[in-house]
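Using the sequences plus the hints, can you model the full thing?
Protein chains: 4
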Amino acid sequence: MRLTSSAAGLFPIAPTPFTADGAIDHGSVETLIAAYLAAGATGVTVLGIMGEAPKLEPDEALDLTGRFIDGMPGLPVIVGVSAPGFAAMRSLARAVMDRGAAGVMIAPPPALRTDDQIVGYYAQAVEAVGADVPFVIQDYPLTLTVQMTPKVIRRIVEDNPSCAMLKHEDWPGLEKISTLRGFQAEGSMRPISILTGNGGLFLDFEMERGADGAMTGYAFPEMLADVVRLQAEGRRDEAHDLFDAHLPLLRYEQQQGVGLAVRKYVMMRRGFIASAAQRKPGAALSARAKAEVDYLLARLAAKDPRAAV
Amino acid sequence: MRLTSSAAGLFPIAPTPFTADGAIDHGSVETLIAAYLAAGATGVTVLGIMGEAPKLEPDEALDLTGRFIDGMPGLPVIVGVSAPGFAAMRSLARAVMDRGAAGVMIAPPPALRTDDQIVGYYAQAVEAVGADVPFVIQDYPLTLTVQMTPKVIRRIVEDNPSCAMLKHEDWPGLEKISTLRGFQAEGSMRPISILTGNGGLFLDFEMERGADGAMTGYAFPEMLADVVRLQAEGRRDEAHDLFDAHLPLLRYEQQQGVGLAVRKYVMMRRGFIASAAQRKPGAALSARAKAEVDYLLARLAAKDPRAAV
Amino acid sequence: MRLTSSAAGLFPIAPTPFTADGAIDHGSVETLIAAYLAAGATGVTVLGIMGEAPKLEPDEALDLTGRFIDGMPGLPVIVGVSAPGFAAMRSLARAVMDRGAAGVMIAPPPALRTDDQIVGYYAQAVEAVGADVPFVIQDYPLTLTVQMTPKVIRRIVEDNPSCAMLKHEDWPGLEKISTLRGFQAEGSMRPISILTGNGGLFLDFEMERGADGAMTGYAFPEMLADVVRLQAEGRRDEAHDLFDAHLPLLRYEQQQGVGLAVRKYVMMRRGFIASAAQRKPGAALSARAKAEVDYLLARLAAKDPRAAV
Amino acid sequence: MRLTSSAAGLFPIAPTPFTADGAIDHGSVETLIAAYLAAGATGVTVLGIMGEAPKLEPDEALDLTGRFIDGMPGLPVIVGVSAPGFAAMRSLARAVMDRGAAGVMIAPPPALRTDDQIVGYYAQAVEAVGADVPFVIQDYPLTLTVQMTPKVIRRIVEDNPSCAMLKHEDWPGLEKISTLRGFQAEGSMRPISILTGNGGLFLDFEMERGADGAMTGYAFPEMLADVVRLQAEGRRDEAHDLFDAHLPLLRYEQQQGVGLAVRKYVMMRRGFIASAAQRKPGAALSARAKAEVDYLLARLAAKDPRAAV
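Residue numbers (our numbering), protein chains in the order written: chain A, 430 to 738; chain B, 430 to 738; chain C, 430 to 738; chain D, 430 to 738.
Treat the hints with caution; some may be incorrect.
Repeated chains share a single entry, so a pair holds when one copy, or any two copies, can fit it.
Unchecked claim - Derived DSSO-like pairs (lysine-lysine); straight-line CA-CA distance at most 27 Å:
1) K719 <-> K709
2) K580 <-> K732
3) K719 <-> K580
4) K580 <-> K709
5) K732 <-> K709
Derived from the structure by calculation, the hints contain no laboratory data.
Here it is in structure tokens:
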């Protein structure tokens, strides 16, 4: 099971469930996987920015990855391996690939500025993890401060046959998807998979611009999968109706910093995980914020019964 | 007419209307003012980040300000005077105050980092514009990269009696409003007006947290004014219903970089201004993007007839 | 008198002399010009980052420029016109060129990241100031955070015939000079003038790498001119001997933030200007720092008698 | 052997010696230690920014640390444990302390902005590594972009009894040392050790301002130790004479990015290490740059015979 450039559908960004005392909650890993499968996930991404990966010991990270691989047989598991140094990136990449991962996701370090620096970095990263390991480019300037033009992405894709996917979360980014698909249409770039992040805030239109699916952590993966499917079936209005119903909550979740706390809280309310706890240090959700999320859930339930908790 | 700490309601951030050849379109300034007044604006802000202020000659900036002052008699006009140097800030501030402006808005320059640097900068700015000129703190870390804690804002408020208002657009920022209102409640900070920006993306809850109103440029100022009013009247569900109906378009408009082009396009479609043109250099809206906005407008019109164009 | 790509020698970055109460000290402008001419300056740059330009009113800026133009007849005066908006850049550029300036210097705004953004910015700037106005690229990533590769500089040079000079202050930057001169040697870039900044910290080797001279504000312009001349004459060891004698003081001056205060203090001690005052807000030099500078001056005077004050 | 707040003298920042094929060169670790001891080092810092730590596997990092501990008996070994996550920081800190390290050095992550964020981060870091582990604050805004005021440093010192030392490399930073020593003098901050970095560029005056010594990687540790000693003995002019003789080379080494390549090259020429190789990816020194360093060494040798190679 290797990640390929034809990957599509929904790859949830999985949070790491913890118990209140900070241990990984293995039972919740199982219920979370069950929820993803029920939602129609076609893969999963672990150890992403939202996965609290930097708080995990190496053994924990590898064990967690293995549980997802075992729990989602036949589906590709992508592992975030971004690291300040290539030694750590290589170790983790080799270990998870040996364990059965489908590919790795690599974000550029914030210090990169020029086009050549970015292209050079991915060349070095591929050398570090091995040219046989499929990888995903994470393009997330809002958080990472690294700006990749479509031409830079094309250079990375063309230089590295092991590049299978772009995780697109530039903002604004709709034109970027159109430009990249235009490169493919004119034959100047080979096809790659494009899954979109950014909390799903533009998923409705991203699918229309040519995205292959979603890779984000919104606490209703069913909605993400449904919008992807409806758009693929050409049912545009239905896709937007469903998306719009969720947008008030999705928008609330998408706040940087506090977003993970919101997601875990909703997932707990929905029974995906037993506790909303984050391993220290983690942002706490105020009572006021919880009440706001409850209000949003109640309003959503009137339109999408799956939100009833 | 001086800006005071009891300001509330809707202060739209006004764009600057241009003709296709880059001249200021004075007729559109009139129709824009009429639209704001019809929407229930209680003031207006000109020469803000969205107002293309850096593209205006000093004479143009002063003339434009005067037109808003004359066109909205009895209502406070706030003028953005942020500048890389205090000489330009002082010149503009004195000129617009002489012309009848109610106060000025000052954003911190991006290089500021430490708490003391930020507090010190506002002390210098007040010395530059004059301690008799009411001013607004613009707290917009997403764009300006300057992070002000609530305690820093309190220091600025307490140090400078001429501070009348906070334009709040931190993200996430709901807890910040609660914290500042808590300072007031405990008596450690004098009351100030808090109007919220960020494209209105969290206006529904910001009002519940204690904001006094909105200061942003969404192309449906009626919605902003209505949400502010409904929340003030305690009609929470109605406020959220209206807000949610607009959220898909509002979210689309809120994209950094392309947002102004979307706003001007919608305002043109609505008859607020004659042309969506930006003075060079400006971002163009692709045909694809225009079609997306049209689609959003059509969907919105089904819920809010004012969106029918 | 137009700036050309054959400019060479010493273009001091001129500070703006103020009296203790913040007025421009016109008498000190005269003595400063006399000092520059005596040092062998082949041009001068005003309204640069060190010139406290953002503290000047537009009339003051234009008047100051005129005084340098009149005081240095036959020598090119370059004017810094970097501004957050093109309107201000254009106004100032046209005004100073009408007054007799030889060209303008344009720094990229800090938000620029990708290669295309930088190239596009200079295209817009040239459109703003006019394609007939010779301009200088300021490449100063340490302060401006914008990183231009040699290839990006080449694109700007080739796209814009009015580009006459690079003010080089990348750090480290020796290889960059060699690469650019290599472009010229291979015929892929037309010749331009390269003057170096960075406080002069690497002037000794920059000249050997192919720089045409110095554009910086070290308080001993005589040394800068001498090193440029000695290297041009092939007297390498003498150039380094002189440079090394000045390095302890030059290094002390080159500190960001406090550097201008040091320079003005030394210039005052040397009689170039009457007062070390900066217009508010300005960094003050502590008594301890003054004593350190005095100590450095005394030590320098033992090797270079011109340092005796 | 625990690091205490009375640490003083010279703690070189050790590079990691590699063979040409990228393996750690254990023989060169021995010769490097011998050179440090001969130079009068009173401690050493390993796995710092210059130590290529991110390229080391965890086992290699621990083994390297152990070799320094064993090779410098009775002297404190400080270990850089800065990491993007607290899990990795804790693992490394506990492992090296168990192995006999004297303390750890912790740099703030670049995203920190407000005073409270910085203070909060150190509280969390102390909780992660254990309050029993002596730690060093690394204050290096030029590279890390985090700006700590003296008051913030005081808060960290006062909040955390395990804080033993400040590695000072703010720039400019002389006033900062004076301010911190002033805090101690007035009794508002307990005494800590202050060692200075920044490549040694201001060591001459830093000692006069109250620093306890140097912690940097200049390839002539003898000079650093001598300047520290001469200043402690009140032999100011001699200290400056020696410092000034080295300044041209020290300045050349201090360039960000290429600095490590220069240092390793000089150390190789001096016989401290067998090869100047960096583990990939590493900056190469051009032939031209090597010739420049050779020239600087030859010139230095005329003043300090230890530079003869």
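Hints and how they fare:
When the C-alpha separation of K719 and K709 is checked against a cutoff of 27 Å, the pair qualifies only within one copy, where the shortest distance is 20 Å, while the shortest distance between copies is 45 Å. Neither within a single protomer nor between protomers do K580 and K732 lie at most 27 Å apart by alpha-carbon distance, with minima of 42 Å and 41 Å respectively. Taking the shortest Cα distances, K719 and K580 sit within 27 Å of each other only across copies (24 Å), while inside one copy they are farther apart (43 Å). Proximity of K580 and K709 under a CA criterion of 27 Å is satisfied inter-copy only: 24 Å between copies versus 40 Å inside one chain copy.
For the homomeric pair K732 and K709, neither the shortest alpha-carbon distance inside one copy (36 Å) nor that between copies (44 Å) is at most 27 Å.
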